[in-house]
Amino acid sequence: MLRGRILLLAGIVLTGASLAACGAPRGSASGTLTVYSGQHLQTSLALVSAFESETGIKVKVRSADEAVLASQLMIEGARSPADVFLAGNSPAIEAVAAKGLLSPLPPSTLSQVPGSDSSPQGDWVGVSARVAVLAYATHALASSQLPRSVMDLATPKWKGKIGLAPTESDFKPIVTSVELRYGHDAALKWLEGLKANAGGHLYPDNEALISAINRGAVELGVLNQYYWYRLAAQLGTRSMSSAVATFNDGDAGYVLSISGAGVLASTKQPAAAQRFVAFLVSPRGQSIIAHSGSFEYPIAHGASTPAGEPAFSTLHPAPLSVGELGTGANALALLREAQLL
Amino acid sequence: MSDTLLDTAHSSTLNAHGLSSNATQRGRPWGLVVAAWAVALTALAPIGFLLLESWRAGWAAITAVLFRHLTVSLLVNTIEMTVLVTAIAAVLGVGAAWLLERTDLPFRRFFFVALLIPAAIPDFIETFGWVGVWPALRGLWGAVFVLSLAVYPFVMLPVVAGLRRIDQGREEVARSLGSSTLRTFVRVTLPELAVPIAGGCLVVALQLLAEYGSFQILGFRTFTTEIFAAFQVGFDAAAAAALSLVLVLLSAVLVRCEAAAGQGGRSLMTSEGLAPRRLALGRLRPFATLLALALVGLALVVPVGEIIRLLAHPGPALLPSASIWSPLGHTVLYAALAGVLAVSGATVVALCSHRTRGWLTRLPSAASLVPLAVPGVVVALAFTFMAEHYFQGRLYQTSTLLVVAYAVMFLPLALVGIRASLSQVPVSLNEVAASLGVRPLAQFFSITLPLIAPGIGVGFALVFLTTLTELTATLVLIPTGVQTLATQFWSYQSNLAYGQAAPYAAAMIVVAALPLALVSGLGLRRGRRS
Chain A
1 MLRGRILLLA
11 GIVLTGASLA
21 ACGAPRGSAS
31 GTLTVYSGQH
41 LQTSLALVSA
51 FESETGIKVK
61 VRSADEAVLA
71 SQLMIEGARS
81 PADVFLAGNS
91 PAIEAVAAKG
101 LLSPLPPSTL
111 SQVPGSDSSP
121 QGDWVGVSAR
131 VAVLAYATHA
141 LASSQLPRSV
151 MDLATPKWKG
161 KIGLAPTESD
171 FKPIVTSVEL
181 RYGHDAALKW
191 LEGLKANAGG
201 HLYPDNEALI
211 SAINRGAVEL
221 GVLNQYYWYR
231 LAAQLGTRSM
241 SSAVATFNDG
251 DAGYVLSISG
261 AGVLASTKQP
271 AAAQRFVAFL
281 VSPRGQSIIA
291 HSGSFEYPIA
301 HGASTPAGEP
311 AFSTLHPAPL
321 SVGELGTGAN
331 ALALLREAQL
341 L
Chain B
1 MSDTLLDTAH
11 SSTLNAHGLS
21 SNATQRGRPW
31 GLVVAAWAVA
41 LTALAPIGFL
51 LLESWRAGWA
61 AITAVLFRHL
71 TVSLLVNTIE
81 MTVLVTAIAA
91 VLGVGAAWLL
101 ERTDLPFRRF
111 FFVALLIPAA
121 IPDFIETFGW
131 VGVWPALRGL
141 WGAVFVLSLA
151 VYPFVMLPVV
161 AGLRRIDQGR
171 EEVARSLGSS
181 TLRTFVRVTL
191 PELAVPIAGG
201 CLVVALQLLA
211 EYGSFQILGF
221 RTFTTEIFAA
231 FQVGFDAAAA
241 AALSLVLVLL
251 SAVLVRCEAA
261 AGQGGRSLMT
271 SEGLAPRRLA
281 LGRLRPFATL
291 LALALVGLAL
301 VVPVGEIIRL
311 LAHPGPALLP
321 SASIWSPLGH
331 TVLYAALAGV
341 LAVSGATVVA
351 LCSHRTRGWL
361 TRLPSAASLV
371 PLAVPGVVVA
381 LAFTFMAEHY
391 FQGRLYQTST
401 LLVVAYAVMF
411 LPLALVGIRA
421 SLSQVPVSLN
431 EVAASLGVRP
441 LAQFFSITLP
451 LIAPGIGVGF
461 ALVFLTTLTE
471 LTATLVLIPT
481 GVQTLATQFW
491 SYQSNLAYGQ
501 AAPYAAAMIV
511 VAALPLALVS
521 GLGLRRGRRS
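Residue numbers (the working numbering), protein chains in the order written: chain A, 1 to 341; chain B, 1 to 530.
Heads up, some of the hints might be wrong.
[Said to hold, decoys possible] Restraint-style ranges between C-beta atoms, simulated for each label pair:
id: 1; chain 1: A; residue 1: S53; chain 2: B; residue 2: E80; range: 50 to 56 Å
id: 2; chain 1: B; residue 1: F110; chain 2: A; residue 2: G216; range: 38 to 44 Å
id: 3; chain 1: A; residue 1: D185; chain 2: B; residue 2: R68; range: 18 to 24 Å
id: 4; chain 1: A; residue 1: A311; chain 2: B; residue 2: V301; range: 46 to 52 Å
id: 5; chain 1: A; residue 1: P104; chain 2: B; residue 2: V72; range: 42 to 48 Å
id: 6; chain 1: A; residue 1: M240; chain 2: B; residue 2: L66; range: 40 to 46 Å
id: 7; chain 1: A; residue 1: R148; chain 2: B; residue 2: Y390; range: 31 to 37 Å
[Said to hold, decoys possible] Rough simulated footprint, nothing fancy, chain A against chain B, three-plus residues with beta-carbon under 8 Å:
id: 8; stretch: 193-204
id: 9; stretch: 382-395
id: 10; stretch: 436-445
Keep in mind that the hints were calculated from the coordinates and are not lab data. Every residue, glycine too, gets a C-beta built ideally from N, C-alpha and C.
Bound-form chain B, shown alone (with noise of 0.2 Å):
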């Protein structure tokens, strides 16, 4: 009876969706079209890079890297690693959301933070620190454990957006006409959460084909592993491009499916000023609390306690000890104006994409994406070849240059959120602003602006944590002499000093407590409000 009722409630919640869609199938002004697709181009250039590479290197050197066992082993390893551990970073992702936003669960303020904070320590000193624990940890199921345990929170943090974002009332509904909380979020919340959920898998999925620091420490080879052996051993530009280039290619599929997984993505808007209403957990809380903290210290304790513990026992200094003071600086001033740059573009590109089928305005968005599986040393590389070629060397190793890099990295992590908070945006509003007479700049600033501004929040922190902690393209394009923490840490672990590493571990984990205080605040908070 009740699921009758529920798709009933589906379906017409559908159809309405449908109607104004096909509403707005209008042309998007000329200027947001051009503006997407540059922002794509810029996105692009590194693969065009990888093609020129590979074409002057020649299909005999390509077949010669390309078609061995050894390339098989590396793609079944990239596989199996990167499916499951997106699956299982959904899975807490999703299960943490929504224990923190639908139930009572206690000290929910602390635990939203605690859970979060992963998301900054980098994935190589989240490795570092388990290892230094579990020295055993190794190979397949060793990297699982670990990335499971970093990447998480890129799921956690958009769907915690999104369902702060979705309308309670008919997940109450739902609950009214007897529907089992379990059969609820599964049939009611679930379905509406496919944008966000699609995109943080989609993020955690690229980010882990461009993983390196933590499968060396871990021993697990991957195709990224492999383009830095090239680079290492080979000094081998093509070899690594062609490597790169399917790379490219598995990103590509991944995006297809996050857009195929993501069109099922409906919603409506919170009801206005109605306070968040929270499911009692009843005797189930003190297991979901035990739960939320089991996860806290898996991922938080451990590798931030063995980062505290070499700050308490640093061991001899080995290495000439640097003030912390101006990589500090640097790196929250390269990761505010990457932050910046990212989410202006993904904002460009996601209005462009949005709501539309034409390949001219969807294309830039899934093109985009694509970057962020590309590992950095690759990316900053290519932005080398092409400072030194098409502008005479002019920007390259300037801060401007590292800052474009970072942001062309980092723009798919700005770009998931604003979509799925786009997504959640009713139509109806635009459409009776445009029946008014208000020009589309204006609609954007009054309407869309404010009501994605929790997906924009997200974005821009995403893109800060990451940046904060990038090493291998920064090496390559900082202007030589500056540091960041993630320079210095990488100068002094790569050298055994891992006592004088450990402050600048700590520095990012602190710096990191900015953009989560921000969205935590701000970002989320206001969403609710509006």
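This is chain A alone, in the form it adopts within the complex (with noise of 0.2 Å):
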């Protein structure tokens, strides 16, 4: 019986002094940068230590889904631990920037990217660019078998053959750019025929619908390239029994999606905060970003394409701003609409 008690005791002298231990102030140290990043974790890292090693400035990364990070700093608000954000699509950095936690960025980071590609109110900077294109399996459909259009993915000829991925981050700028081309009531109509089409083939995220379209589950579906890319690093590319296409050029569902970063209005190291975030687009940055194996367009006047990808310049996308593409709300209206959320 005492022995038992002795090792009760024990346990919890333990306790309490691990958890005291633990309890020790966050490690805000001055020198140190806190990055959140919602951005493909290889492109972070990579990133993170050339900044490092060029400036000698220590940067921590808490890495999580975009959405998720974007409502830590809402409720963190003033408080927030957080030097930096980077986001992987301009609706989440818009979200944060539209609460007022942003803090301005000076024109000489704003000025190394396309004007179009960055905050309107030049809260956050465009960092680099995915492309929305259509993914399709090879052994199914040839390449002049494919819609043109992605508004004709909803037609009655695709029932039962696409794959979507309505709950993905990815998809949402897709059904921007749809509503302001043909309007609500279009887009509705569209996003219900797509759901038709689809019946049980939700997925949810591009992950899992660039998989099943290769293993052959679906025909085809609509998704940024990057996935295909990867997934074909991954798997060699000769094993690949999918391929990406394009869309018309300018089509509502050829979207361009850019990836942004801001400094947080509470950081207590602006200066350095603000150096790492020119960092990210300087050339150093840029060339990291196409080299990462993250297949994202690094976007900066005169940056190179990530090998193996169609030069960005090729590229002709729908004509949008972020500005247009928001926070997304009217996107996130239709998808409730829908009944896909």
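Hints are included, so try docking the two chains, each in its own frame, into the full complex.
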């Protein structure tokens, strides 16, 4: 009995001591930047280590889903431990900017990339881009049989053949684009057509969608180009049973989505944080993005294209600015109306 | 004839039990009640956050999210899946426990561990493995198939603990009076196991309500997947809060059902010093062995085989590789601390509510069960909110808050095990001690604690295993720059680098062997002798 009691007491003391040790104040030691990153891990880590070796400033990365990070930043408000937010898609960072949580960036940073690729208010700068494409199973379809517009996918011809990932944050910009061009009612009809054509083939994310297309579970789907290139890097290009194609030039489904970075207004190290964001759009940072295996396009003036992909300059996406894409509130309402969310 | 005898035997134990419970209807020490309420209020804090968020969003925003066709289909999906999986898990769990504890099944030690390990395999890895082998697995039936295999150990473990505790004499009396094996099991053994079975089923059902990763892979939509979608697409905490409140209501219903089911539980201690007596399976032995092997194959070999296949053929490294040691150390530390904290809290709550009827003493126990049904990310954002608004952000993203959040989320796992073993402690022992003038605290240490040690061991093991694999709350609350095995697995897996994710999955399963060894080697065996 006594032994049990001593053990228990020892346990309690040890737990208390460990918890106290764990509870040391959070390490926002000056000189260490905290970056909330919804970007792909490999890109974030490669950028951070290059920045650290160039400037001697230490960086800690908090990697999670961009939407969860955005929700966190909104709850944290003025006390956020984050110095920099690097998002995957523009709506996430626009939502944070709309709450007034980002501080303006200097013209020297903003001027590195085309003006339409950054926040209209200058709160954040575009860092890289992804483009929506059609991925299709090559055993089922030839490139000549593919629909030329994203609107065609809602016609009965594709019933039972398409897969859809409606809860994927990359899908929202496409919905916004369709709504801007054709209006709310047509966009809703289009979504309902897509939903009917997809039937049970609703996927949770684009990783699942590209895998389904590649193994032939569905014939085609719309997703960002890099999912296909990454799967090809994983499996080997020659063993791929799928391919990608773009829609007609300027089609509503041919959407360029921007990944952006901004400095939190609450940061205690504005200079270092600004330096980090400037580094992301510098020639060095952009070259890392092109070669980190994430297959996203760097977008600064004069940046090169990742190997294996069509040159960025040959793309002809729909003429949409990130301002027009906004926070995606309309797209969300449409997805809810179509009962896809 | 034997029926009547059995009934008489039952009613006499019931009477004895009823008398003694009435005798213990005394007030609890105030310190215990206050401590129990403190635990319960901490556990309910996330639900307070949900109410606050919903309140701020307003009624119109909530109705817009909740009163739609989609909500009905989500509700149907969620309930169908929860009921089916829980029922199948109960059959598998009780069946496996009975084979292990009451029969001469060969290789019992091996089977015990092999049948328990699936508890340590994260549900999303179990699903990931199965979908790799059987890509057509989708929807309701896919979810029912995979999840049943993933969760039955949560029923099996408390039932094994229960079987080791209850008096085997009555089963033998029943058999000697001519009752068949099946009849004895149904009429004598099962009623005595009401508390552990109901507790195990509750834990399973609550976890299913909050499950995310598996259903995401299987393309099956529940309230929880929709809550994540609300975050992902809308950055919409209000919609997520409204949907979460539905989960809270569902879990309150479940807790109520469990309380009702567990009330019939009655038991006596095992006879002192006797070795367990096992039923000879005879000609059925090979058949029973095959059944156990089949379950091990489906629940363990297939998913683990997929991980091993990925380890053997990892493909090209897509991402910079990272050391496994730091995530491993942090994971073990967090899981152990969360286990100790949850077990301590659960013991306090269980003691407070044990054999009483007043709301003041019973409510903490019911309230502490609810958070298990709330998705991790929601609990984590609730803690974020509280840290920022009431503690000036002081504890936010520290290991302390992370461990507290784990303990709150998984306290129900500990509570169920401890309540089950408390229900089997004979009241008379404490009464004798009290009549001899032994003070309550001394009674706890010298009588109750040693007797509920198996329940505490099981509770610790379950919390440890579940914390090991927790992902969505961890991503929000972990100190920046620190990784756990689950976060590293996610980093790689969500970027299609399956080969690089596999070592972390393997490490999670290996680490899970620690508490399993503890449970099978120490906690449960001690219970037999004490």
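Checked hints:
{"no.": "1", "hint": "A:S53 - B:E80: 50 to 56 Å", "in the structure": "55 Å, holds"}
{"no.": "2", "hint": "B:F110 - A:G216: 38 to 44 Å", "in the structure": "40 Å, holds"}
{"no.": "3", "hint": "A:D185 - B:R68: 18 to 24 Å", "in the structure": "19 Å, holds"}
{"no.": "4", "hint": "A:A311 - B:V301: 46 to 52 Å", "in the structure": "49 Å, holds"}
{"no.": "5", "hint": "A:P104 - B:V72: 42 to 48 Å", "in the structure": "47 Å, holds"}
{"no.": "6", "hint": "A:M240 - B:L66: 40 to 46 Å", "in the structure": "43 Å, holds"}
{"no.": "7", "hint": "A:R148 - B:Y390: 31 to 37 Å", "in the structure": "57 Å, violated"}
{"no.": "8", "hint": "193-204", "in the structure": "violated (count 0)"}
{"no.": "9", "hint": "382-395", "in the structure": "holds (count 7)"}
{"no.": "10", "hint": "436-445", "in the structure": "violated (count 1)"}
When each numbered hint is compared with the structure, violations occur for hints 7, 8, 10.
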